[in-house]
Each structure stands twice: as C-alpha cells, then as structure tokens.
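Please construct the entire structure, taking both the sequences and the accompanying hints into account.
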Amino acid sequence: MRELSNSRLNGLREGDRIEVFSGGDQINGTGVFIRIEDGFLIWVDDAANINVTSLDVISVRRIA
1 MRELSNSRLN
11 GLREGDRIEV
21 FSGGDQINGT
31 GVFIRIEDGF
41 LIWVDDAANI
51 NVTSLDVISV
61 RRIA
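Quick note, the sequence shown lines up with residues 1 to 64 if you use the working numbering.
The hints are simulated quantities; they were obtained by calculation from the structure and are not laboratory data. Where is the CB? At the ideal position from N, CA and C, for every residue including glycine. One thing to keep in mind: the hints can contain errors.
Label pairs and their computed distance ranges (CB to CB) [to be verified]:
#: 1; residue 1: 50; residue 2: 21; range: 14 to 20 Å
#: 2; residue 1: 64; residue 2: 38; range: 26 to 32 Å
#: 3; residue 1: 13; residue 2: 48; range: 15 to 21 Å
#: 4; residue 1: 23; residue 2: 63; range: 18 to 24 Å
Structure below.
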C-alpha cells in the first residue's frame with residue numbers, strides 16, 4: 001500500500017505549497033510539503049504547525 005501512496009505524490013518536492021484533503025474536505029488549510037516517511041505525509045500548515053498525516057486517509061494537491 002505504501003508504494004501506491006508514494007506514487008500519488010510523485011513530483012512533490014520539499015518546500016512545495018500543498019492542500020491536504022480528507023474525505024473531499026480540505027483539512028488544516030494550505031501548507032508546505034516536507035517529506036513522506038513510513039506511510040505518513042509530514043508537512044507544515046500556514047499556522048506553522050508540523051502535521052504528520054497518514055497517507056491512507058488523505059489526498060494531496062500541489063498549489064501555485
């Protein structure tokens with residue numbers, strides 16, 4: 001499953017602006033991609049909170 005999850009995020013680089021969605025709803029607004037580790041997305045939201053979110057329950061979209 002992790003291989004599939006990582007393929008959904010191909011092309012993201014550290015520092016990219018992202019939106020994170022769960023169940024079609026945006027969670028925690030926008031943020032900055034840090035990395036993928038052990039099936040989790042590590043990212044920082046606009047309030048400077050570090051978030052660790054399971055890739056099994058989210059979708060991620062790069063924004064300009």
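Hints and how they fare:
Take residue 50 and residue 21: their Cβ atoms lie about 19 Å apart, and the range 14 to 20 Å holds. Here the CB-CB span from residue 64 to residue 38 is close to 29 Å, well matched to the stated 26 to 32 Å. Take residue 13 and residue 48: their Cβ atoms lie about 20 Å apart, and the range 15 to 21 Å holds. At roughly 19 Å, the beta-carbon separation of residue 23 and residue 63 lies within the given 18 to 24 Å, and the hint holds.
Checked against the numbered hints listed earlier, the structure breaks none of them; every hint is satisfied.
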